[in-house]
Amino acid sequence: MIKVFSTPTCPYCVTLKEFFKEHNIEFEDIDVSQDEKARDEMVEKSGQMGVPVVDINGEIVVGFDKEKISQLLKITE
Amino acid sequence: MMYDLIIIGGGPAGITAGIYAARKKLKTLLITKEWGGQIIEASDIQNWPGEKSISGINLMNKMVEHLKEYEIEMKEGKEAIDLEKKNNNFIVRDNDEEYETKTVIIATGKIPRALNIPGEEKFKGKGVSFCSTCDAPMFKDKEVAVIGGGNAGFDAALDLTKYAKKIYILEFLEETRGDSATKEKLEKTGRVEIYTNVAVKEIRGDKFVKSLIYENRDTGKDTETKIQGVFVVIGMMPKAGFAEGLVEFNEIGEIKVDRDNNTKTKGIFAAGDITDVKYEQIVIAASEGAKAALTVSDYLKTK
Chain A
1 MIKVFSTPTC PYCVTLKEFF KEHNIEFEDI DVSQDEKARD EMVEKSGQMG VPVVDINGEI
61 VVGFDKEKIS QLLKITE
Chain B
1 MMYDLIIIGG GPAGITAGIY AARKKLKTLL ITKEWGGQII EASDIQNWPG EKSISGINLM
61 NKMVEHLKEY EIEMKEGKEA IDLEKKNNNF IVRDNDEEYE TKTVIIATGK IPRALNIPGE
121 EKFKGKGVSF CSTCDAPMFK DKEVAVIGGG NAGFDAALDL TKYAKKIYIL EFLEETRGDS
181 ATKEKLEKTG RVEIYTNVAV KEIRGDKFVK SLIYENRDTG KDTETKIQGV FVVIGMMPKA
241 GFAEGLVEFN EIGEIKVDRD NNTKTKGIFA AGDITDVKYE QIVIAASEGA KAALTVSDYL
301 KTK
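If you're matching them up, the sequences are chains A and B in order. Residue numbers for the first sequence follow the numbering used here, so the first one is 1 and each next one is one higher. Residue numbers for the second sequence follow the numbering used here, so the first one is 1 and each next one is one higher.
Hint data in this document are derived by calculation from the structure and do not stem from the laboratory.
A few chain B residues facing chain A, derived, Cβ under 10 angstroms:
#	residue
1	Ile40
2	Glu41
3	Ala42
4	Ser55
5	Met60
6	Asn61
7	Glu76
8	Gly77
9	Val128
10	Cys134
11	Asp135
12	Phe139
13	Asp159
14	Lys207
15	Val209
Distance condition first, Cα-Cα at most 20 angstroms in a straight line; then the derived EDC-like pairs of lysine to aspartate or glutamate:
#	chain 1	residue 1	chain 2	residue 2
16	A	Lys3	A	Glu44
17	B	Lys140	A	Glu44
18	A	Lys21	B	Glu65
19	B	Lys122	A	Asp65
20	B	Lys210	A	Asp40
This structure is a prediction, so every number in the text was calculated from the model and none was measured. Every residue, glycine too, gets a C-beta built ideally from N, C-alpha and C.
Using the sequences plus the hints, can you model the full thing?
So, in structure tokens, the structure goes:
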């Protein structure tokens with residue numbers, strides 16, 4: 001289960017989601033600018049107050065860390 | 001293996017240089033940490049010919065797609081960390097490999113300038129942000145400080161007025177330099193306070209940012225203010241430390257180039273916002289990249 005915590009205006013969030021779409025990876029897109037509960041969940045899980053944050057089966061990745069995300073999802077380009 | 005050209009940087013200057021170099025059939029490698037550079041954060045670009053209105057991300061994607069039409073090697077997610085001269089050629093080193101090349105175009109652009117004060121690095125992403133567009137919504141009903149009273153600082157504060165309950169703008173100089181129209185808009189919200197002639201000294205907190213210490217430059221008196229967010233908006237700085245010794249920098253760290261993009265070392269060229277060329281615009285960075293690649297092509301013929 002992949003969750004992307006993002007805001008609509010954050011450019012790196014857009015890049016990250018494009019990257020998932022490009023590789024046909026399904027994810028739940030959570031807009032933390034609207035969903036306060038999700039925002040608190042994200043801050044607690046990641047210890048971060050910046051977006052994007054990705055939750056890949058419980059593994060937290062902060063920012064658009066392409067290398068780490070690719071590694072976790074075994075994406076090769 | 002020997003490259004004709006290594007381009008360092010994947011913003012408009014580097015990408016355009018790549019397209020021109022590939023069309024000249026130069027054996028080219030482009031190394032970039034990320035694509036797009038500063039344009040990624042532009043929400044609406046209205047001065048790129050052929051596009052009446054386009055987001056930075058979309059424009060970047062189009063540029064990269066265009067570049068990838070050509071035969072050119074690319075290392076993405078890598079950063080050049082060292083450049084040195086070897087006989088008449090150059091060695092470029094990234095995080096894990098080194099490459100040999102006849103010429104280099106430096107197009108690494110600019111990154112947001114940091115305050116370099118205690119707590120700034122430690123609390124990055126934990127209250128300290130360099131991108132209000134990205135992170136403003138995280139600060140709903142919180143108190144935040146914007147460091148920098150220029151136009152970019154005012155814009156960041158404006159982003160934040162949609163969410164934060166209190167915004168302090170702290171400016172080092174005696175006057176803010178941002179638009180007075182924006183300033184009026186900010187003041188009208190009743191939630192923005194502007195302090196000038198103050199030096200920010202420290203960011204404090206535990207897991208997240210809790211407060212900020214600034215000094216009144218007139219009286220020398222320190223004040224600690226409780227805030228949960230700090231947005232640093234004090235301009236951009238060039239980043240080409242890896243080329244030290246081989247290029248000449250001006251007083252703000254930009255690489256000095258002549259009108260054909262030559263640096264002080266033969267075979268090393270620079271293009272875009274990293275240089276001392278006036279006006280930082282996407283179209284200008286792109287054309288500088290094109291010029292640099294054409295100069296490289298001519299240079300290689302004489303080599």
